[in-house]
Structure formats: structure tokens, C-alpha cells
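Asker: Chain residues, written in single-letter form:
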Amino acid sequence: MGAFLRQEWWIVAVFIASLLPLVHVLFTGRVSALRSLDRRWIFLLMFWAVLLPIYYVSSTGNVLPEVPGALAQATFDEIEKLSPGDPVLMAFDYDPPTTGEMAPMATAFVRHAAEKRLRMYFMTLWPPGAQMIDDTIARVLKPDFPQLVYGRDYVNLGYKSGQEAVIKVVVTNLRELYTTDVLGTGVQNIPMMDGITSIQQMKLIINVASGTPGTKEWVQYAVTPYPNLRIVAGVTGVSAPLYYPYIPRQLNGLLGAIKGAAEYEQLVLNRYGGPNPNPKYMEGLRRMAPQLVGHLLIIGLIIVANVLYFTDPARGRR
Amino acid sequence: MKRTVPLLIAATTGFVLIVAYFVPPMQSWSEQVSVWFDILAAVAFVLGGANLMKIHLKHISDRARGWGYSAVLVVAFLGTLFVGLGKIGVNPATQFPDFAWSGPYRQNGSPFWVLFEYVFTPLNSTMFALVAFYIASAAFRAFRAKNAEAILLLGTAFIVLLGRTFAGVALTSWIDPAVWSGFQYFTGLRIENLTVYIMAVFNTVGNRAIMIGIALGIVSTSLKILLGLDRSYLGKE
Numbered sequence: 000m001g002a003f004l005r006q007e008w009w010i011v012a013v014f015i016a017s018l019l020p021l022v023h024v025l026f027t028g029r030v031s032a033l034r035s036l037d038r039r040w041i042f043l044l045m046f047w048a049v050l051l052p053i054y055y056v057s058s059t060g061n062v063l064p065e066v067p068g069a070l071a072q073a074t075f076d077e078i079e080k081l082s083p084g085d086p087v088l089m090a091f092d093y094d095p096p097t098t099g100e101m102a103p104m105a106t107a108f109v110r111h112a113a114e115k116r117l118r119m120y121f122m123t124l125w126p127p128g129a130q131m132i133d134d135t136i137a138r139v140l141k142p143d144f145p146q147l148v149y150g151r152d153y154v155n156l157g158y159k160s161g162q163e164a165v166i167k168v169v170v171t172n173l174r175e176l177y178t179t180d181v182l183g184t185g186v187q188n189i190p191m192m193d194g195i196t197s198i199q200q201m202k203l204i205i206n207v208a209s210g211t212p213g214t215k216e217w218v219q220y221a222v223t224p225y226p227n228l229r230i231v232a233g234v235t236g237v238s239a240p241l242y243y244p245y246i247p248r249q250l251n252g253l254l255g256a257i258k259g260a261a262e263y264e265q266l267v268l269n270r271y272g273g274p275n276p277n278p279k280y281m282e283g284l285r286r287m288a289p290q291l292v293g294h295l296l297i298i299g300l301i302i303v304a305n306v307l308y309f310t311d312p313a314r315g316r317r
Numbered sequence: 000m001k002r003t004v005p006l007l008i009a010a011t012t013g014f015v016l017i018v019a020y021f022v023p024p025m026q027s028w029s030e031q032v033s034v035w036f037d038i039l040a041a042v043a044f045v046l047g048g049a050n051l052m053k054i055h056l057k058h059i060s061d062r063a064r065g066w067g068y069s070a071v072l073v074v075a076f077l078g079t080l081f082v083g084l085g086k087i088g089v090n091p092a093t094q095f096p097d098f099a100w101s102g103p104y105r106q107n108g109s110p111f112w113v114l115f116e117y118v119f120t121p122l123n124s125t126m127f128a129l130v131a132f133y134i135a136s137a138a139f140r141a142f143r144a145k146n147a148e149a150i151l152l153l154g155t156a157f158i159v160l161l162g163r164t165f166a167g168v169a170l171t172s173w174i175d176p177a178v179w180s181g182f183q184y185f186t187g188l189r190i191e192n193l194t195v196y197i198m199a200v201f202n203t204v205g206n207r208a209i210m211i212g213i214a215l216g217i218v219s220t221s222l223k224i225l226l227g228l229d230r231s232y233l234g235k236e
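Each protein sequence line maps, in turn, to chains B and Z. Take 0 as the starting number for the first sequence in numbering that gives the first Met the number 0 and just add one per residue. Take 0 as the starting number for the second sequence in numbering that gives the first Met the number 0 and just add one per residue.
Where hints are given, some of them may not hold.
As the list claims (entries may be wrong) - Here are the simulated DMTMM-like pairs of lysine to aspartate or glutamate, each with C-alpha atoms no more than 25 Å apart in a straight line: (1) B:LYS141 with Z:GLU116; (2) Z:LYS145 with B:ASP311; (3) B:LYS279 with B:GLU114; (4) B:LYS202 with Z:GLU30; (5) B:LYS159 with Z:GLU116; (6) B:LYS159 with Z:GLU30; (7) B:LYS159 with Z:ASP37.
If you're looking for bench data, these hints aren't it; they were derived computationally from the structure.
Please build the complete structure, drawing on both the sequences and the hints.
Answerer: Put into C-alpha cells, the structure is as follows:
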């Protein structure tokens, strides 16, 4: 950290200079000014709270240590216990706004499945999800697993409209809706589709979802009526609490937010990482530093605001 | 007639889905109804697009407040539709080289791909990222420990906020049986363990209660719709 600060002194100087007026208010004892603080100061503090850790991690490559929790471990184990060639459904139900949280999970899931040589069937219930699938395949499978062949090891079935009604159909008859893949190739001409008639033949559903339709719908319309199906999911931080009631019988593993992504990445890295892991497989871990400082800032702001509130002499008169 | 036919369609479809769930030989009926729904959902995209255009073209025509935004929307909508449907700049797919339009509309490097990757994605991500700034501002202005409930909420929030980062581990790592054997009874007080406990117990219990309540509400509302007692979904006369 010291070496970083000495080397990147200019950013520290800009940081301090940008906050000098605020520091001036603090040291001149104008507490009342803090009570009506312009929110742009808070925006600036959050800007630095996110930017500085991102810059630090990008410059040094250092990430915070991560201890995987029970849910990340359960998710990892569900994939780890599968055998090479087992079919898995990769349901990517998210879009660009949540890519920051979802993409690291999607990357880690696809990398783990590729390392295990599982057969991957990609599909999405969200219109922009098709692009998310393309991006993940381009990021992971094409550069790092060139030996995996499209149509034999993985296939992109793309998007179908109908939300949960799509799940209701594909869980009993996949070919009723999916007659071709995204490239227009008939499913009868795709080698890995031989003998695959419904989602019930999948050994595992891996769902990366940021809303509706998503994990809840897969649990309600696929896993609950057909208890032999198993599912693990990666979801956004705001939606994660809603899925806890389904754990562990209806939902076998859950990654919540960037923290869940980081824990799962750590498990995949421990098993398949090698001595110099590619930074793209550490995106969740890299984002934990800005999350840490951001959370500390919010806690600090709440504490300061409460101190100001309770020391306000005008409080009792309101 | 205008209302009776939709009512009959809704009731029949709903009851077919309910009966099919409990009578396995009728499962194919449920599948068929779901396929019809999927087709209708695809057609709804066209209706949605047409409705969007109608509303915003009217805004522009009336010079209503903020009509400039409507103009931006119409231009963006039509431009994206044109390059996407027209597959502008898309090369033929390798398996169908003789068919000019056989390539995927999202092909790498195509104008639609460029719009998605360099306009749609950054704009959407930016809008979502702004939430962090507003949360920080709201945290400063709104969260006050005014009563017992608020103190409980703030305490829980602090634990979860810390527990979702490395700070949780670092702050209470001293509660370690390796440091003192007596700590083996207190490891549950480590912030990361408290976070797991809050999420797995208090959160799950609360959410289950809410979910069961919602489910019961859905059952009663659905029955009212299927029996034609609640017709609000058909709109006004």
C-alpha cells in the first residue's frame, strides 16, 4: 500500500485537493453546515470510495482474501460432483444493468463447467440475455477452451418469449419451442441435442438471474414439480434474501451478489486456478475492494448523520 | 360479447392449467396452452412497440412537455429496429453462405452489436450504478436511530454491510479458538457468522411468512378472475 501511495502520489493529491473545502468546514467547526450538507459532497465521497480501490486493484493486482461460505461451497460442490459429458442447462436471465454483479458469476460458472467437460445448453428468458450468453462464450470458451466444439460440447439455444410459460413447456418438451439454435441450425442437426427432449434430462440447472423471470420461476415451474431436477443460482444482492426460503431442498446452491461471486471464484481458482490466474476469472474478487470501501463509507455516513441529529440543539423543538 | 369472449378464454385457459397440474394425462393440454401463451407473448412485443410509437409520436406532435426526449426515443427505437431487422452489416452464416440474411443479427462487429455493446450496455450500467450514489445520500439523510425498531434495523444493516465484505472477517477474527480455547463457544459472534445467521434465520422466516401470505392472496385473486368476479384486467367498458 505504501509503495502504491508513493508511486501514485498524484491521485492522492487530487483526492485530498477535491475534499479540501469539506475538510475546511469540519475544522472551522461549522457543524450546522454539515447538517445541511450538499449531497454532491456525498456523491464525491462515494466516487472516491469506488474509484480509489478500483485503481489500486488494477494497478497492483492485489485482491482481498476471500473465505468461501457454505452456500458458495454448496454451489461449487453441485457442479464438482458431476461427471464429464453430463448435460447442464445454463439459463442466463439477466441484462446489461446488472452485468457488474452477474457477469463474474456467469464467467465462473462457464469456466467451471468447461473444466469439468460438462455439456452446456445455454438459453435465456430475457431478450438481452442472448447477448449476455454470446459475451460469456466469447470471454471464456472461445479463447481458453478452443478444444470445445460448438454443437458437440456447448450450444446456444437463445431467447424465447413467454417468460415462465417457456419453463413450463421446456421442462416437459424442449423441442416444442426450440426447433433451432440461435444460428438457425435445426436441433436435429446438432449432435449434442441427440436424445435431449426435455429439461428433465439435465443433471443440473445453473441459473444466473437478476429478476423476473429468473430463479424463482425456475424453482416454481421446473424444480418443484420435478424434484429430481437440481438447481444452483447466482442472483443480485437485492434479490438474494428472497431466495433463502427455497434453500436447500428446492434451491441447492446460491451465490448472492458480488460477494457470492467472489467466494465461488475463489473456490474455482483453488481447484483450477493455476499459479497465475487470468484476471478475468477474478472479477468478483477484484470488485470486493470497492464494495468494502463503499460499505464503510455508508456506515460512516449513517453514524455521522446520527451524531449530528442527536447533538442538534433544535431537535427537541421540532 | 366484447367482454364475454376474453372472460371465457381466461377462465378456460386457467382451469385447463389447474386441472392439468392434478391430472397427469391432461399434461399435454397444459403444454399446448403454454405454447399458445408463448406465441401471444411474441406478438405482444409488436403491439408493445406500436403502442410505444403511438404514445411518443403523439407527445412530439402535441409538443408536450419533454417532447424532445420522445424524439430521442423514436429515433433510437427506429434506428435500432432498422439495423437489427435489416441485419445491416451482417455477413452470411458459415453454414448458409448463399443466403445474405442468414447471419445472426447480433454478429460481432455489426452495427446492431456496436449499438448494444457501446450504447445500450454502458447507458444501462451507468443508470444502475447511480443507485450507489443515491443510497449513500439517502443513508446520510434518512437513517435515524429514533426508536427501538430503527436501532434494530440499523444494527442489522451494519452487521450485514460489514459481513458482506472483508471488514467483517478482519474486525472479529480475534474470536478464534486458536487464540483462546474459550472462544470456541463464541465463534457465532464473528460478524461473517452473524450475517449468515441473520440471512438464514430471521430473513428466511420473514420471507416465508410473506411468501405464504402472497400465495394465498394469489389463489383467491386468481379464483375471482377465473370465475369472472374480478374483471378489472379487461379495462374499463
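Asker: Taking the hints in turn, state whether each one holds.
Answerer: Against the structure, the hints:
1. Taken as a hint, the LYS141 of chain B and GLU116 of chain Z pair is honoured in the structure, with Cα atoms around 18 Å apart against an allowance of 25 Å.
2. Among the hinted pairs, LYS145 of chain Z with ASP311 of chain B is consistent with the structure: their alpha-carbon atoms are about 13 Å apart, no more than 25 Å.
3. As the CA atoms of LYS279 of chain B and GLU114 of chain B are separated by approximately 16 Å, the hinted pair is consistent with the 25 Å bound.
4. Taken as a hint, the LYS202 of chain B and GLU30 of chain Z pair is honoured in the structure, with Cα atoms around 22 Å apart against an allowance of 25 Å.
5. Note on LYS159 of chain B and GLU116 of chain Z: the hinted pairing holds, with a Cα-Cα distance of about 21 Å set against a maximum of 25 Å.
6. The straight-line distance between the Cα atoms of LYS159 of chain B and GLU30 of chain Z is roughly 15 Å, inside the 25 Å bound, and the hint therefore holds.
7. Between LYS159 of chain B and ASP37 of chain Z, the direct Cα distance comes to roughly 8 Å. Compliance with the 25 Å bound is thereby established for this hinted pair.
The structure agrees with every numbered hint stated previously.
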